[in-house]
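2 protein chains.
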Amino acid sequence: MKKSTAVYLVSIGDELLIGQVINTNAAWLAARLNEIGLQVVEQRSIADSKSSIESTLKELMQEGHILILTGGLGPTKDDITKNTLREFFNDSWRTDEQVLEILQAFMQARGRSLDEVNRGQAELPSSCSTWLNRIGTASGMLFDTKNGILISLPGVPREMEYLMESYGLDFLKSKFQLAPIQHMTFHTEGIPESQLMVHLQEWENQLPEHISLAYLPKAGRVRLRLSLTSPSKIGQEEFQLEAEKLQQLLGSECIGLNHQELPEQVLKHLIESGATLATAESCTGGNIASLLTGVSGASAAFMGGVVAYDNSVKIRMLGVNPGDINKYGAVSSQVVEAMAKGVRNLTGAIYGISTSGIAGPGGGTPEKPVGLIWVGISGPEGTYSRAFKMASDRSGNIERSSFAALNLFRKTLLNQWKLPEPTFWAFSH
Amino acid sequence: MKKSTAVYLVSIGDELLIGQVINTNAAWLAARLNEIGLQVVEQRSIADSKSSIESTLKELMQEGHILILTGGLGPTKDDITKNTLREFFNDSWRTDEQVLEILQAFMQARGRSLDEVNRGQAELPSSCSTWLNRIGTASGMLFDTKNGILISLPGVPREMEYLMESYGLDFLKSKFQLAPIQHMTFHTEGIPESQLMVHLQEWENQLPEHISLAYLPKAGRVRLRLSLTSPSKIGQEEFQLEAEKLQQLLGSECIGLNHQELPEQVLKHLIESGATLATAESCTGGNIASLLTGVSGASAAFMGGVVAYDNSVKIRMLGVNPGDINKYGAVSSQVVEAMAKGVRNLTGAIYGISTSGIAGPGGGTPEKPVGLIWVGISGPEGTYSRAFKMASDRSGNIERSSFAALNLFRKTLLNQWKLPEPTFWAFSH
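Chains as they are written, first to last, in the working numbering: chain A, 1 to 429; chain B, 1 to 429.
As the list makes no split between identical chains, a pair holds if one copy fits it or if it spans any two.
With a cut-off of at most 27 Å between alpha-carbon atoms, the simulated DSS-like pairs for lysine-lysine come out as follows:
hint : residue 1 : residue 2
1    : 245       : 77
2    : 77        : 218
3    : 218       : 50
4    : 327       : 368
5    : 341       : 368
6    : 58        : 173
Keep in mind that the hints were calculated from the coordinates and are not lab data.
Chain A with its partners taken away, still in its complex shape:
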């Protein structure tokens, strides 16, 4: 049993190299492998061509390496991974009867019969073990050789994930003695990376060598990842200690830990206090509601809300005063406060969050430029609003505004309805 094992992820598909598809498989695989203690040393995306698959296999198939290939296993003409692997391993074809049965059942459940195209999916290289795919037509293939391990999976994310969860992770765990690498991620929102760094510098400089901190900025949020690279017992105790120190340094600016991001965190606070929330969204157009309902179990606290995109909807449904829209404009403190109150009345929710802003690219003026957004918060304790200035493109402004609104609400809840106090970071965007 080898101690050092290097994982290479290889994504096959021209669609990746012309930028038509964003590679989400690599991130999913890397995260899962990391959890079980395997380290991805490199990820590559290569073309759907025999020569590029072959040259990558020649370079990377070595003792101590694990190659995980995704893509190119569909039933159509442009899918050539399977045949290239068969030739690389000097295999013949074999018909896998179990796969054939599953394919027949799969089609039957969908009211279709097994056509010639999909029947070909039961033909596999002779030397591989089959990982049965019950949610699609492409099997997983395992080539466990003395010159490294090769796993070939379909490129459709759900099917790839299914096969890794049903077979891949268990196989790798049983094959290698693995010590999980420990990570802990602290999420922040609205604080520039360099300001975080200044704030954390002194603590960061005294970190022991086997504990490291990484700054991962994304759309107005910075994630701080603390990693323990040597899994000793002392190391783990130190890691816990440093994690606590970091948490303390961040204080209420830590909006969530690990997989708990802001929407999860907001829902958790609400559920714990038995409160309910509704949203009234103009410029964010349903994105805040969508972020909240993306969390399983959201219905325990999130009631729904209004997408008040058109001003007539703000007036008719939320009871915004048309005079206020004329006088102050739809992007104003007055209007978002009325929206937040209005959606509480309308739904009976305890709290209301509202947004109105200029997402761009059009619609900006000198006084109200693209990226300006007003957020309103209303609850039994009162109603208030804050303006933010985002500096991104349309989708970036929508995403940042959604997170800024959720974070303002979170801070308001935490501070028991006092306006959020600036901590080390002056509160603004």
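For this one, chain A is given, so just place chain B on it according to the hints.
Below, chain B alone, put in the same frame as chain A:
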């Protein structure tokens, strides 16, 4: 001037190899480079370590190669790309005064002064040309050598995009004689890949050698990408002809072309006919509204709507009969039809789309399993509903449901309110 030029994209960052960040830069770069006629032959993600950056540079820096590096240029300790490049090219440090000025102005505009951490961003390797970053602190660096071209860009997507659009694309166009590769993408929704293939087989088999078709499945949608690989005049005429044939074969199952995806297409139809739309979403939780408002100019036809997550919201706001919810359940034809009618009344929109379903993972029953979703459509011509069965996870079910609802609405509009006719593909999910 070399004819053959191979582009390698190299993303630097441990966050990519532990799966914390999805690599969107690679797709953006690949798409833009493709548009100007450059072909990405491989994409790699490598670790934030000197040794992996160095070994990748040694392997890939060759005459005729263009390397585009992203990431590792932040002001913090874990960002080591710049120093590694300086050493690789045997450079010294130079202070770029223009960068220093921009950094000072950048901080001033944000009410901050230039700290030591960010001042270091004006220190650059001596042999590179600077690409000025006016929206962030990390400059772009160009090393135009006889052993290939190296471009180093920040990993923050907006800044990377800004630098490519301000400098990179123009530089590459002026440096090389490029003939753009032609692609055309046809979007479909709800049709299995193998059924599409059977339908298109005969036509696909007669395609000339320099025209190819690729199937790109994603979350219930399949994109068909037709590519012309040799840019001759005859080739272009043939390409046009084959594109028309494909369009005809797909008929009304083609939900959009190239960057025009379903939300854009639906808005276009609405704007052309002077109609307006509102949404009443339960299981999709604001995602349909969010997809529509993500399109710039959506306000011309999309009025907004209701996220009726809680049943009380369906009753209070949309006028759904509580008796119907008790009798048929919230996930039923009766309830979605009432929701679609209700949101039209409420907003004054001409058309209404509604959804109610079980996104999962909880909440399923034998009669109403996870993945079941009802879609309601209402307009002056009448109201009807359809059930779909999705087989994905929570986020997949939400996304598929949103697209299925928008596509049902699109077909209804196209068919002038006759129930969508099955074309070659039996209509169901």
